[in-house]
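**Student:** These are the residues of each chain, in order.
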Amino acid sequence: MTQPDATPSAPRGPQDPDITAAKNPVAAHPVTSAAIGLLVAAAICGTLIVPIYAHITPKVGDFPFFYFYLLAYMPAVAIVLWIVTLLQRRLQEPTGAIASDPEVTT
Amino acid sequence: MSNVNTVTFTIVLVLFVIVTVVGFLAARWRRPEVMAQLNEWGLAGRGFGTFITWFLLGGDLYTAYTFIAVPALVFGSGSIGFFAVSYTIMAYPIAFIFLPRLWSVSRVHGYVTPGDFIRGRYGSRGLGLAMAFTGILALMPYIALQLVGIQAVLTVMGVNASSTNTYVKDLPLFIAFLVLAVFTYVSGLRAPAAIAFIKDTLIYVFVLVAIFYIPTRLGGWGHIFGTAQTHFASISPETKKPLGTFIPTTKSTGSTQFDFATLALGSAMALFVYPHIITGTLASKQRSIIKRNMSLLPTYAVLLGLIALFGYMAVADPVTAANVKKSGNAQLAVPYLFQHMFPSWFTGIAFAGIIIGALVPAAIMAIAAANLFTRNIFKEFFKPDASPALETRMSQWSSLVVKFGALVFAIELPHTFSINLQLLGGVWILQIFPMLVGGLYTRWFHRWALLAGWLAGMVYGTLAAYNVKNATASHWAASSDIVFGHTIYIGITAIIINIVIAVVLTPILRAAKVPEGADETLPHQYTADPEQAPAPVPAGLGAR
Chain A
49 MTQPDATPSA
59 PRGPQDPDIT
69 AAKNPVAAHP
79 VTSAAIGLLV
89 AAAICGTLIV
99 PIYAHITPKV
109 GDFPFFYFYL
119 LAYMPAVAIV
129 LWIVTLLQRR
139 LQEPTGAIAS
149 DPEVTT
Chain B
91 MSNVNTVTFT
101 IVLVLFVIVT
111 VVGFLAARWR
121 RPEVMAQLNE
131 WGLAGRGFGT
141 FITWFLLGGD
151 LYTAYTFIAV
161 PALVFGSGSI
171 GFFAVSYTIM
181 AYPIAFIFLP
191 RLWSVSRVHG
201 YVTPGDFIRG
211 RYGSRGLGLA
221 MAFTGILALM
231 PYIALQLVGI
241 QAVLTVMGVN
251 ASSTNTYVKD
261 LPLFIAFLVL
271 AVFTYVSGLR
281 APAAIAFIKD
291 TLIYVFVLVA
301 IFYIPTRLGG
311 WGHIFGTAQT
321 HFASISPETK
331 KPLGTFIPTT
341 KSTGSTQFDF
351 ATLALGSAMA
361 LFVYPHIITG
371 TLASKQRSII
381 KRNMSLLPTY
391 AVLLGLIALF
401 GYMAVADPVT
411 AANVKKSGNA
421 QLAVPYLFQH
431 MFPSWFTGIA
441 FAGIIIGALV
451 PAAIMAIAAA
461 NLFTRNIFKE
471 FFKPDASPAL
481 ETRMSQWSSL
491 VVKFGALVFA
501 IELPHTFSIN
511 LQLLGGVWIL
521 QIFPMLVGGL
531 YTRWFHRWAL
541 LAGWLAGMVY
551 GTLAAYNVKN
561 ATASHWAASS
571 DIVFGHTIYI
581 GITAIIINIV
591 IAVVLTPILR
601 AAKVPEGADE
611 TLPHQYTADP
621 EQAPAPVPAG
631 LGAR
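In order, the protein sequence lines correspond to chains A and B. So the mapping is simple: the working numbering equals the position in the first sequence, first residue as 1, plus 48. So the mapping is simple: the working numbering equals the position in the second sequence, first residue as 1, plus 90.
By construction, these hints were calculated from the structure, which means they are not laboratory data. Be aware that one or more of the hints could be misleading.
[Unchecked claim] Covered stretches of chain B (chain A as the covering partner; in silico rule of three or more C-beta atoms under 8 Å from a C-beta of chain A):
| no. | stretch |
| --- | --- |
| 1 | 165-177 |
| 2 | 181-195 |
| 3 | 388-398 |
[What the hints assert, rightly or not] Estimated spans, in silico, between C-beta atoms of each pair:
| no. | chain 1 | residue 1 | chain 2 | residue 2 | range |
| --- | --- | --- | --- | --- | --- |
| 4 | A | A83 | B | R307 | 44 to 50 Å |
| 5 | A | W130 | B | A117 | 33 to 39 Å |
| 6 | A | D110 | B | K415 | 21 to 27 Å |
| 7 | B | I325 | A | D110 | 23 to 29 Å |
| 8 | A | A120 | B | S324 | 41 to 47 Å |
| 9 | A | A83 | B | V604 | 51 to 57 Å |
| 10 | B | L261 | A | R138 | 55 to 61 Å |
| 11 | A | R138 | B | I501 | 34 to 40 Å |
| 12 | A | L86 | B | I325 | 42 to 48 Å |
| 13 | B | F302 | A | W130 | 47 to 53 Å |
| 14 | A | P78 | B | F472 | 48 to 54 Å |
[Said to hold, decoys possible] Some chain A residues near chain B, calculated using beta-carbon distances under 8 Å:
| no. | residue |
| --- | --- |
| 15 | I100 |
| 16 | T105 |
| 17 | P106 |
| 18 | F114 |
| 19 | F116 |
Glycine residues also receive a C-beta, built at the ideal position from the N, C-alpha and C atoms.
Please put together the full structure from these sequences, using the hints given.
**Tutor:** Put into structure tokens, the structure is as follows:
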């Protein structure tokens, strides 16, 4: 794929005309991109913000909530990241065959 | 050597011998035409698929830290130890953001180490050197932690010779370590990759058995949590404070929530910047494999969560708790728990799993540190025309040196809680986060500003960690200190200082027209997914 990510890069690096001309995939799919950003951010914040889950109750079975939450969160993150991977694939689709089989020469 | 259980000992020994043989045979696995190539010795030909990458990264991530250090902290202090669970959860989404970019640009340019990337991105040998130095320094206490883990198991097995001399007492440890050093030297990254299969099988078996079996012996999860809750609420006669916390507490009761969150965030950011994890990443053959693994690897994290609970089981089992108390070493909690709960043959399997589980990451760490030395110090500053064969030989030898550096850490630093060894490494490695991860997205930062920020972060972090004392140790006692009334992980404070300095100095240096350095990377290379592994370094043609 000959497109940059949404991020600014290399203001002083050698400029490639193809790159600057290429359509930005993030701009082309604002909803999908926002969803990706939101999912990744949520996955991080869900354990970073400790007050959310630092409680003994409600207990789930014999497990205090704190311990249950941490254990249950891991499969949740795995699923979220899997969904994100699928969404990212959609970002690349419009460029079709070129995107799926990049030929990068250095 | 009087109280050694023969069955346990035999099983550990047999498994250790099997692993050693596999380690040596691994040199023939996917055998390249020339082994004397850093891409081959250090990255196993960059040809690993999803499956092997999963095992290799898993082997990298779950170490003696997981099996010994985390449960030891949980046993000693309660819920704060669960920051490690929170951290392994957070690490994947964070890595998901930047790791594929690092893989792509390294693949296109044939970078072997993160130092190669930083040097190429900023055109700065100085920054490459800073990265190499930090990486090697940070890996030593981490390898030392693996040694402490092996030592804990050997102690409980009773194989430590009864002598007061450290070097005689730890002879079995040195032998295990020597074997590791030799097969790493011979087989490079192929050895830990092959052994990772055995390791993970053993670990999955003993953790799953333990998780279902031990609670039935201890009166169920309800009883385990109940005992832990009562235990950590009781007041210590020495400090007049509660022994620990059962859940992270809020401000009113002396906050541990902030400490918990910063420890988790700092460790998560540090994890995928560690050179050995990057080594494991670069060895895979496709960009999509990295992404796929970020959603597959959390299954290991579930394991970590369960292993952390072993700490509470050790609290709930009176015999184990008494044994650990008598030894005065919390690191022995899990080995004692297994020894008391399992028949001796199964204890042998579990102990072998822990020992091998420490050897695999130690090997990868030593390889990563050695690659940094060779590529970013030796080749850069001493012998720019080094042939691939010489590079490889240099890496092989320096992998040995790094291991002995780690021995010094293992012997010299206090190990009330060995987890501090890893957290100390984290304080250092976090200081390259701005230049490495920042560099993957932007060239805005000025190279000298990054270097200044790095230096400030390193100096602050080291001094702050050195000055932490507690009842038993006058220095290096913990990895958190109090800033503005909050207990906070030193790594986080240091990286904030680091970033602020880099941000402030960048416009100043630019205004002063200090040279920026050339950038050899192109924007599209950060998302590239080339089929072919990069060609060997041209200087190596015909070199012997």
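**Student:** Each hint: holds or not?
**Tutor:** Here's how the hints hold up against the structure:
| no. | hint | result |
| --- | --- | --- |
| 1 | 165-177 | holds (count 4) |
| 2 | 181-195 | holds (count 6) |
| 3 | 388-398 | holds (count 6) |
| 4 | A83/A - R307/B: 44 to 50 Å | holds (47 Å) |
| 5 | W130/A - A117/B: 33 to 39 Å | holds (36 Å) |
| 6 | D110/A - K415/B: 21 to 27 Å | holds (26 Å) |
| 7 | I325/B - D110/A: 23 to 29 Å | holds (26 Å) |
| 8 | A120/A - S324/B: 41 to 47 Å | violated (29 Å) |
| 9 | A83/A - V604/B: 51 to 57 Å | violated (42 Å) |
| 10 | L261/B - R138/A: 55 to 61 Å | holds (59 Å) |
| 11 | R138/A - I501/B: 34 to 40 Å | violated (54 Å) |
| 12 | L86/A - I325/B: 42 to 48 Å | holds (45 Å) |
| 13 | F302/B - W130/A: 47 to 53 Å | violated (27 Å) |
| 14 | P78/A - F472/B: 48 to 54 Å | holds (51 Å) |
| 15 | I100 | violated (10 Å) |
| 16 | T105 | violated (10 Å) |
| 17 | P106 | violated (13 Å) |
| 18 | F114 | holds (5 Å) |
| 19 | F116 | violated (10 Å) |
Of the numbered hints listed earlier, those contradicted by the structure are 8, 9, 11, 13, 15, 16, 17, 19.
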